[in-house]
Amino acid sequence: MSHDTPHEHHVTPIKTLALVLAALMSLTVLTVAASRVHMGFLNVPIAVGIAMVKASLVVTFFMALKWDNKVNALVLMIGVIFVVVFLSFTLFDTAFRGDLDNVDSKTIGEEQRAADLLLGKTPGEEHAAAATAAEPAALDGAALTQKYLCTSCHIFDAPTAMVGPSLFDVGSRLSPEKIRESILDPDAVVAEGFPGGLMKPTLDGMGFYSKVSDAEMDALVNYLASLKGN
Amino acid sequence: MATSTTTAQVDSNHPTHLQHHFVSSEQQFDASKMGMWLFLITELLLFSGMFVAYTVFRVWHPEVFDHSADLLDWRLGGLNTLVLLASSFTVALGIHYIQIGNKKATVVNLIITIVCAAIFMTIKYHEYTGKFEHGIFPGGHFHPHEAFAQYNVPYAAQFFSVYFVMTGIHGFHVLVGMGLLTWLTIRTARGDFSPEYYTPIELTGLYWHLVDIIWVFLFPLLYLI
Amino acid sequence: MWSLGKRKTSFMNEMASSAAVTEANPAASVNYLNYDKSIKSWLLTVDHKRIALMYLVTVALAFLAGGILALLVRIELLTPGKTIMDVQTYNQVFSLHGIIMVFAFIIPSIPAILGNFVMPIQIGAKDVAFPRINLLSYYVYVVGIIIVLLAMLFGRVDTGWTFYTPYSESIGTPILFVTTGVFVAGFASILTGLNFIVTIHKMRAPGMTWNRLPLFVWAIYATSIVQVLATPVIGITMVLLFLERVLSIGIFDPALGGDPVLFQHFFWFYSHPAVYIMILPAFGVMSELMATFSRRAVMGYKFVALSSVAIAFLGFLVWGHHMFVSGQSATSSIIFSLITYLIGIPTGIKVINWVGTMYKGSVWIQTPMLYALSFLFLFSIGGFTGIMLGVLGVDIHLHDTYFVVAHFHYVMMGGTVIAALGGIHYWWPKMTGKMYNETLGRIACGLIFVGFNMTFFTQFILGSQGMPRRYYDYLPRFEHLHQLSTVGSWVLALGLFLVAGYLLFSLKRGKNAPANPWKAVTLEWTNTTPIPHPHNFTSAPVVTRGPYDFHLAPEVFGYTGDGAVADAVPTNDAPATQA
Amino acid sequence: MGENGTFWLPEGASTLSPEFDSLFYFVVIVSTLIFLGVVGGMLYFSFVYRRRNEAEMPEPVHDNKLIEMASVVIPTVLSLIVFTWGFKMYVKMYVAPPDSYQVHVRAQQWSWEFDYPNGTKSIGELHVPEGRPVRLIMNSKDVIHSFFVPAFRVKMDVLPNRYTSVWFNATKTGEFDIFCAEYCGTAHSKMLGKVVVQSESDFTNWLASSQKGSQTPVEHGQTLFTQMTCNACHTIDGSPLVGPSFKGLFGHEVKLADGSTITADENYIRESILQPGAKVVNGYSPIMPATYSTMASEDVDALIAYIKTLK
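Listed in order, the protein sequences are those of chains A, B, C and D.
Residue numbering for the first sequence is 1 to 230, as defined by our numbering.
Residue numbering for the second sequence is 1001 to 1225, as defined by our numbering.
Residue numbering for the third sequence is 2001 to 2579, as defined by our numbering.
Residue numbering for the fourth sequence is 3001 to 3311, as defined by our numbering.
Be aware that a few hints might be false.
Said to hold, decoys possible - Calculated cross-link-like contacts (lysine to aspartate or glutamate; reagent style EDC-like; alpha-carbon spacing at most 16 angstroms):
no., chain 1, residue 1, chain 2, residue 2
1, C, K2360, D, E3056
2, C, K2302, D, E3068
3, D, K3190, C, D2086
4, D, K3092, A, D101
Said to hold, decoys possible - Some chain B residues flagged as far from chain C (calculated, every beta-carbon gap over 12 angstroms):
no., residue
5, E1063
6, D1070
7, V1083
8, H1096
9, Q1099
10, Q1150
Please keep in mind that the hints were generated in silico from the structure rather than gathered at the bench.
Since the structure is predicted, the reported quantities are computational estimates derived from the model, not experimental observations.
Just so you know, even glycine gets a beta-carbon here, dropped at the ideal spot from N, CA and C.
With these hints in hand, go ahead and build the complete structure from the sequences.
Right, dumping it as structure tokens:
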């Protein structure tokens, strides 16, 4: 049993510790130096190799695993093994992605960039592009007027009235607050010459109030406020 | 770990730090230490997630990662490495001295360790702020300013996500370590520890060395290659 | 110091401790249940037995909650289209059902309840290695679950329990709570595992060598290894998902150049081993039940013991079989599929060993044994369907259908829950000192068995017929099977409530339990009932025999009266803690 | 179960399904046999060796090496057979023949959209020729979906920002269900579609007919209904909005504002689209914008065709 061993702990001599420290320091210098020299793909294995040597020095002497109960070494070993398993088995996928050609190894973004380069266009930034794709036109008020069908009753680019008044100069007529209010509660102020009690049920009918997000609402208001005519 | 006795009666011939359900101090020490090692491998696997993410994206975009690494100052990184190694050394010394019953030396070494940790964090702080100033943020918020336009390439964002998350979590561990070390310094000064009983120092030491080891890998992976 | 060489004692002495107390020693009246009845003494206890009971209560509540949600899901599916709830609610209900059942119920079920109570006693320890960490992990677990439930107040969580990106990122704030909650709950799991491993390594009584460990201990040991190795990864996964949401770090989110399939790797690296966290303890319980109620050593003890550990490790190498149609590389699909078989085989052999244990035994059909037999039936079905899902070509059709749903319910509920019920019935007298009503026990077991098969076997057919999982609405041609399944769920529920009923009743009215009602020979049974306080043994036991040496039993029990040691000689109580 | 399906599997309609079915049933039968063996043994033992008296004490039995060995070897062999077979099929199911007819599939919450090589589009309904390998090249606009056709025994996840593909060769004409198999949010269970397998000639005709507007008139009308934002004022479920609902409109009597009634036929609907003010339905105000008066006549036809379907 574990507690049959005599109550004696190994005391690591200062000299050993100092030597190990020296070794670690010099290895640090070495790894920096190595990385300055360009050896192509070799740089990576070298850097990782040195790091491993340093790590094992720390484990063996600083953490005194050398003199410690064997089971602790086993514990550490198992831990390391499973880090390797996690890494390698994930790479079995990511490094061979698309080997059956039923999955593309490149993302659509990458493929587009490659295509653009061929056509001599400056490739657009993937995450920028993709981000807009992710939240369709979340910040584009004009698109929102399409999305929420405002355009079926209002005209935005000419002073022509439809079911509702033209909004091409709404920004100059109303303050953003007023605009927001008249979207949320259309019948508070009804533009003269236009039927009241229409917009609310329509918007409700298509679930506008439940669908629209705060961000979209802001975008919409900003967009409308920006319409100063001409 | 456990230091004071629980409700159970303590036989007169038992040291106060020995808990009732252990047979001997030795058994208690072994148990605590094994527990600590198990905890350390959980830490290892926690970080492994980040290392996997790093490797996957590096394998996919080696050139980008290579390129982006230039934005990190290897001098600061290297300096931090040396500082942490030194702190590991002093912790080891601290344990050495308590083992031979030299409490004063232990206290001194623990304090040096804390100072090293503080230096490490300060340097880290400067690196972070330096990045933020130039619009270098993780992931979606990655919009480097003109000066660094040439670094604004696809997947550079991933590199800096990995950088900030890894060093961030590591930094958090350093802070926790500083807390523990301070607590230990006080207790050692108070004379709670002796060559017979110094488990908390031993365990915190192990923890601190692990934090050091993690950095030993982070440094080359992020700053150098 | 003890050492085997020095202090060989007969099997008798080991009994003595308990026996002495039953008769002579007045100290016997002081046990872990009655030494202090105050609420505080329970909430702040560091006694593994009391912590086990606290887990029992909490986990039972989680099971109740999850179960009710399951019933709601089944009722909704009684008819195509809307039955009782709208689609939004339904999606949240099945997600919550999954999250609660996995993280709040099954994972802590057997290890935290039975493991906590039985394991330390079985190895002759006074407590787990770190009693306070044990208590801590209980509260961490509770807090974690509460945080997860909070998410429900902050909006809809309808991601299913798998949180696949990018959908999970699109649901907003709630995901932050869920990830945090799962992260915290994970800590509880880690701490328990860590605690048990150290306990089993360092706290075994003298003479309790590795090949004398009861198989339940072996199973708990294997489980703990998985908990310690796998759980940190769900931790970091949740952290990354959290950051993905708040900082949009773009590791998993394709819109930011991340890879959603990578998330699935991270998730399943934990969640597949987690399946073994759920089932391995059940294997342990099975071994105990088969041995005790066949009065025979488990066939192939060494194999069963080591295969648990082997399965624990192999369990880490098969996660990709959840991703055959996810778009991962064929290379990994093949590797993962192959290893999946490697793990299937030791599991299959375990089953054969359990059946073999009954051969030429003396099979005593009591409620726990009934559960053991149901386990063999249901778990085999779960296992074979698992093999089917492991077959690359076949999985393409069956993946993400009700076939999968049925499969993991056969393994998780037909396996783990049935074994857990068996274990609870088996150790109930030891835990509470009361006997439950045997007849009701058998009836309930029958109801559960029938109800379970009605509920889930139909789902195999639904699945292979093409009914996808997580569907709120379905084609008319699936209606009849869905109705059968729903009715089955009611029978199942009836059985479970019956169990809860008579167990609770037994606490009030049940007759006092003898020390060893099943004539079992592992240490917890040769001890008094309830377990004495403050230490599990009035005098520390010295083990001189294997865990299932029934042939030595007559000399011990003589099978008179309640099966407690009849002719034991009172020994002077050795000091509880001796160096 | 399924119309012409077996107890376990739905009707198969692709070159893959027979092979799949044979492997499936091979595994089912073998498993069942072993299962019966295990459970049979279990029941037999628990009866034959039931405890007869309290004190009976079975002699320890020594493990039978033979059984141990058998129980290792047999399953290993069996599972290796099944693995190889399954692996072969996996490759077959995902490697499309080079001459496949390619259709692009775009999935989004919660619908399927199909683009054919000649520019034809169709929504929710995939038309394919019988007896020709078809390769689907799929991607998703938002979250992960999964393309699943039980009758063809094919399934493949559809990922955002990455193309995945799956292929099949339909052997029966008719309609077969498409399901989304990867949970994708609220209307996941509504993300259904149909594969319409047509004879080579029918298929070419369909392509031709739907060339213009690249859809069948009805589909085109359906697209217009949202494109032209009719849905802002008119529902298709009978509930009145700003304007009357289109449900059950066609061929029914309509009461007009001036008290007269008229049967809603093609002409009435065309007129109401082109000159909204001409005949206003009773109870609604004449506010429909004139913007639709410029609609192309085939679009109007398509719209009418669509409204006709709204019984």
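Hint by hint, here is what the structure shows:
Proximity of K2360/C to E3056/D is assessed by CA-CA distance (about 11 angstroms); at most 16 angstroms being required, the pair is judged to hold. Taking the CA atoms of K2302/C and E3068/D, the gap is about 12 angstroms. The hint holds against a cut of 16 angstroms. A distance of roughly 13 angstroms separates the Cα atoms of K3190/D and D2086/C; the hinted pair therefore holds under the 16 angstroms criterion. Between K3092/D and D101/A, the direct Cα distance comes to roughly 12 angstroms. Compliance with the 16 angstroms bound is thereby established for this hinted pair.
Every CB of chain C is more than 12 angstroms from the CB of E1063/B (nearest about 15 angstroms), matching its label as outside the interface. D1070/B, annotated as away from the interface, keeps every beta carbon of chain C farther than 12 angstroms; the closest lies near 20 angstroms. The Cβ of V1083/B sits about 26 angstroms from the closest Cβ of chain C, beyond the 12 angstroms cut-off, so the non-interface label holds. The claim that H1096/B lies off the interface holds: its Cβ sits roughly 25 angstroms from the closest Cβ of chain C, which is beyond the 12 angstroms cut-off.
Annotated as non-interface, Q1099/B keeps its C-beta farther than 12 angstroms from every C-beta of chain C; the closest such distance is 21 angstroms. With 12 angstroms as the threshold on Cβ separation, the claim that Q1150/B sits away from chain C holds: the shortest Cβ distance comes to roughly 18 angstroms.
Checked against the numbered hints given earlier, this structure breaks none of them.
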